[in-house]
Amino acid sequence: MHARLSFRWLIAAFAIVALAASAVTASAAEPIRLGAFLAVTGKGAFLGDPEKKTLETYVEKISGEGGVLGRKVELIVYDTGSEAKEALTFVKRLIEQDKVDAIIGGTSTGETMAVIREVEAAAVPFISLAGAAEIVEPVKKWVFKTPHTDRLAVEKLFTDMKARGLTKIGILSGPGGFDKSCRTNAMALAPAKGLTIVADETHGAGDTDMTPQLTRIKGAPGLQAFLYCGFGAPTSIVAKNVRQIGLGVPHYQTHGSASMSFIQGAEGAAEGVRLPAAALLVVDQLPADHPQKAVATAYRDAYTERYKEPISTFGGHAYDGLFIVLEAIKRAGGTDKAKVRDEIEKTNRFIGADGIFTMSPTDHLGLDTASFVMVEVKDGTWLLLN
Amino acid sequence: MSADFLQFLFSGITQGACYALVGLGFSIIYNASQVINFAQGEFVMIAGMAAVGLIDAGAPFVLALAAGVALTVVVGVALEKFAIEPARNASVVTLIIITIGASIFLRGAAELLGGRGFRSMPAFSGNEPIVIGGAALLPQSLWVLGVTVVIIFALGRFFNATMHGKAMLATAYNPVMAQLMGINTRLVLSLSFALAALLGGIAGVLIAPLSLTYSTVGVMLGLKGFCAAILGGLGKPMGAIAGGLLVGVSEAMTAGYLSSAYKDAVAFVIILVVLVVLPGGLFGGRSVERV
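Residue numbers (this note's numbering), protein chains in the order written: chain F, 1 to 386; chain G, 1001 to 1291.
To be clear, the hints were calculated from the coordinates, so they are not data collected in a lab.
Since the structure is predicted, the reported quantities are computational estimates derived from the model, not experimental observations.
Watch out, some of these pointers could steer you wrong.
Claimed, not checked - Calculated lysine to any residue pairs in the SDA-like style (CA-CA distance at most 20 Å, straight line):
#	chain 1	residue 1	chain 2	residue 2
1	F	K53	G	L1113
2	F	K85	G	G1108
3	F	K162	F	T196
4	F	K92	F	K72
5	F	K53	G	G1117
6	F	K162	F	A192
7	F	K218	G	G1117
8	F	K218	G	A1265
9	F	K61	F	D368
10	F	K99	F	K339
11	F	K72	F	K330
12	F	K180	G	L1112
13	F	K308	G	L1112
14	F	K193	F	R164
15	G	K1081	G	D1056
16	F	K61	F	A298
17	F	K193	F	K339
18	F	K308	G	D1004
19	F	K218	G	G1108
20	F	K308	G	G1053
21	F	K218	G	F1005
22	F	K180	G	G1133
23	F	K85	G	K1081
24	G	K1081	G	Q1034
25	F	K218	G	V1219
26	F	K218	G	Y1257
27	G	K1081	G	D1004
28	F	K218	G	V1131
Unchecked claim - The calculated label-pair distances, taken between Cβ atoms and stated as ranges, are:
#	chain 1	residue 1	chain 2	residue 2	range
29	F	P175	G	P1122	43 to 53 Å
30	G	I1104	F	M260	38 to 48 Å
31	F	A205	G	F1082	24 to 34 Å
32	G	F1105	F	T358	45 to 55 Å
Note that CB positions come from ideal geometry on N, CA and C, so glycine has one too.
Please work from the sequences and hints to get the whole structure.
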């Protein structure tokens, strides 16, 4: 009886040692696992689709070139269908089932905000691809983001308006998280910039005609410029409506409109609209000594070669997110989550598609207004303003 | 001031006409089957997406529009044949849920086939606004209104002067009696889906230049059209038209005079008030509870 018991113990001990040994050998060859949850379908698909394609293009490329730290990179992508409530389910799955080393995603602000609590609790490095400033303000330990915030966009816009002597602004904003955050920032920044908001209108989800709101804005006393905060189909509808009622003041939109769909959808009504955008949007017009010229050109070529479709700046967010994580993993010498997080925070002068990133414990975005260029729609395409 | 009022009115009537066309589809299917077809908004989307896709592929404009509408009718009939008819012994609630499922399926299919972005269709007669009393009206709005009026008269004639139309009305009043009178009620059901899809399809190509087209464009239009149908009295075609115009105009006036933040709320409040005062809707008459 006694002998049998100890024999069992022996087997158990052997099994434990064997398991531990196999775990060690496995981790040496184990791929780096990156999880992504993106709005590949649904209303945010025009953002999520290029993001997914960008991640896939580069993960494939990097793994083909031997990976990072000798380990292959594995990408797991879930499609949220642009639903914030789905985002949380997928993030839980990425953390608990797929056991990813870092998470990229949250195409929209809504999807991102829905998962922050979960990511913070699980202590996984997380890079969001959504616009709003509230994602990284106040700073959350594990949360970073790559796209310019709407605050930077508004700052850039207001600087341009100010330079043209336009100080009385009418705002129209949509119902999305990005739209509202843009509006809030505009309201907050205007006094400091010496601007006055003379009209503040909104429209609902799925609205197909904004002429009543624009008529009100047109009637606002002293109106000198118009700003639309929003993205998707309404950007084009607003441009058409502005032309219809003849608003007659300079028309500004945000980087949410920085896609060819906006210009094409507006059928000529987008002419003269100014917006802040990533340098990527006008890569061919960048001067040769622009610091992002090389990175932007390489990204454009890699993407268009594989997918035979024009790039959008949204895919650039994913490019930056991916490389900031991979660079951090390289510097950390592995996928220890705490170390990777610390290294992401130390990102210094990383030249990406969206700008030049320098993060810090108080800045989990690392971009300033210099990362934006002002563009104007001219002859159906973007014209770089200086 | 009056120029502003006109501007709001133009916007409201154009929107209202769109809601009315969608609402008509709800009413027609409801009459034939008591089913509320939540894929009605998707009919609008399919026609717009298909027509824009064909125009981009180089098809002649008018042909693309016709093909878009025709495809929508085919989808409508297919929906009835393959999803509703096999389950026709199920309860009405089950059938309604089937239509919700169908709407999700159609949105997904449209996204796969038509892409995920949004696109615009060229307006039928250009984008140069017509200025009336200081308010700017797009020629496309006139198209929307004109075609809606034509449809109203055509439908009136169809229901009152043709055998099929009368059969549909008879089925709506009393399905069992209609069947006893030799009316093929299954055919009526197919016909109602075809007609609803036709209306949705026409609405789709008419408003695509205004609303642009993308896979989820029908969601909100479907909801507003449903409100229009409820407001006017479900199953009453003229009610759907009045309801649509009322919703559209009240939305525009609220956005224009009150605050755009309350735009949707006011439309829904009107619906609540009307339904409390007139439970059968504006055109519903008194509903009689049978025991």
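Tested hints:
1. For the proposed pair F:K53 and G:L1113, the alpha carbon gap of about 18 Å is at most 20 Å, so the pair holds.
2. Between F:K85 and G:G1108, the direct Cα distance comes to roughly 18 Å. Compliance with the 20 Å bound is thereby established for this hinted pair.
3. For a cut-off of 20 Å, the pair hint linking F:K162 to F:T196 stands: about 11 Å separates their Cα positions.
4. Taking the CA atoms of F:K92 and F:K72, the gap is about 23 Å. The hint is violated against a cut of 20 Å.
5. For a cut-off of 20 Å, the pair hint linking F:K53 to G:G1117 stands: about 15 Å separates their Cα positions.
6. For the given pair, F:K162 sits about 12 Å from F:A192 by alpha-carbon distance, which is consistent with the 20 Å threshold.
7. Of the supplied pair hints, the one linking F:K218 and G:G1117 is violated, its CA atoms being roughly 30 Å apart against a limit of 20 Å.
8. A C-alpha spacing of about 24 Å is found between F:K218 and G:A1265, which places the hinted pair above 20 Å, so the restraint is violated.
9. The straight-line distance between the Cα atoms of F:K61 and F:D368 is roughly 30 Å, outside the 20 Å bound, and the hint therefore fails.
10. Note on F:K99 and F:K339: the hinted pairing holds, with a Cα-Cα distance of about 17 Å set against a maximum of 20 Å.
11. For a cut-off of 20 Å, the pair hint linking F:K72 to F:K330 stands: about 13 Å separates their Cα positions.
12. This hinted pair does not check out: F:K180 and G:L1112 have alpha carbons roughly 30 Å apart, beyond 20 Å.
13. At roughly 17 Å between alpha-carbon atoms, F:K308 and G:L1112 fall within 20 Å of each other, so this suggested pair holds.
14. The straight-line distance between the Cα atoms of F:K193 and F:R164 is roughly 13 Å, inside the 20 Å bound, and the hint therefore holds.
15. Simply put, G:K1081 and G:D1056 have alpha-carbon atoms about 31 Å apart, too far for the 20 Å limit, and the pair is violated.
16. At roughly 13 Å between alpha-carbon atoms, F:K61 and F:A298 fall within 20 Å of each other, so this suggested pair holds.
17. At most 20 Å may separate the alpha-carbon atoms for a hinted pair to count; F:K193 and F:K339 exceed this at roughly 40 Å.
18. Restraint check: the Cα-Cα separation between F:K308 and G:D1004 comes to about 47 Å, which exceeds 20 Å; the hinted pair is violated.
19. For the suggested pair F:K218 and G:G1108, the alpha carbons sit about 39 Å apart, so the restraint of at most 20 Å is broken.
20. Taking the CA atoms of F:K308 and G:G1053, the gap is about 18 Å. The hint holds against a cut of 20 Å.
21. Simply put, F:K218 and G:F1005 have alpha-carbon atoms about 13 Å apart, close enough for the 20 Å limit, and the pair holds.
22. With a C-alpha separation of about 34 Å, the suggested pairing of F:K180 with G:G1133 is violated against the 20 Å cut-off.
23. This hinted pair does not check out: F:K85 and G:K1081 have alpha carbons roughly 34 Å apart, beyond 20 Å.
24. A hinted pair counts as satisfied when its Cα atoms are at most 20 Å apart, and G:K1081 with G:Q1034 qualifies at roughly 16 Å.
25. Straight-line distance between C-alpha atoms of F:K218 and G:V1219 comes to about 30 Å, which puts the hinted pair past the 20 Å bound.
26. A C-alpha spacing of about 13 Å is found between F:K218 and G:Y1257, which places the hinted pair at or below 20 Å, so the restraint holds.
27. For a cut-off of 20 Å, the pair hint linking G:K1081 to G:D1004 is broken: about 48 Å separates their Cα positions.
28. At most 20 Å may separate the alpha-carbon atoms for a hinted pair to count; F:K218 and G:V1131 meet this at roughly 16 Å.
29. Remark: the range hint 43 to 53 Å for F:P175 to G:P1122 is contradicted by a beta-carbon distance near 28 Å.
30. Under the hint 38 to 48 Å, the C-beta atoms of G:I1104 and F:M260, about 29 Å apart, miss the expected range.
31. F:A205 and G:F1082 have their C-beta atoms about 31 Å apart, which keeps the hinted 24 to 34 Å range intact.
32. Between G:F1105 and F:T358 the CB atoms are about 48 Å apart, so this pair conforms to the stated range of 45 to 55 Å.
Checked against the numbered hints above, the structure violates hints 4, 7, 8, 9, 12, 15, 17, 18, 19, 22, 23, 25, 27, 29 and 30; every other hint is satisfied.
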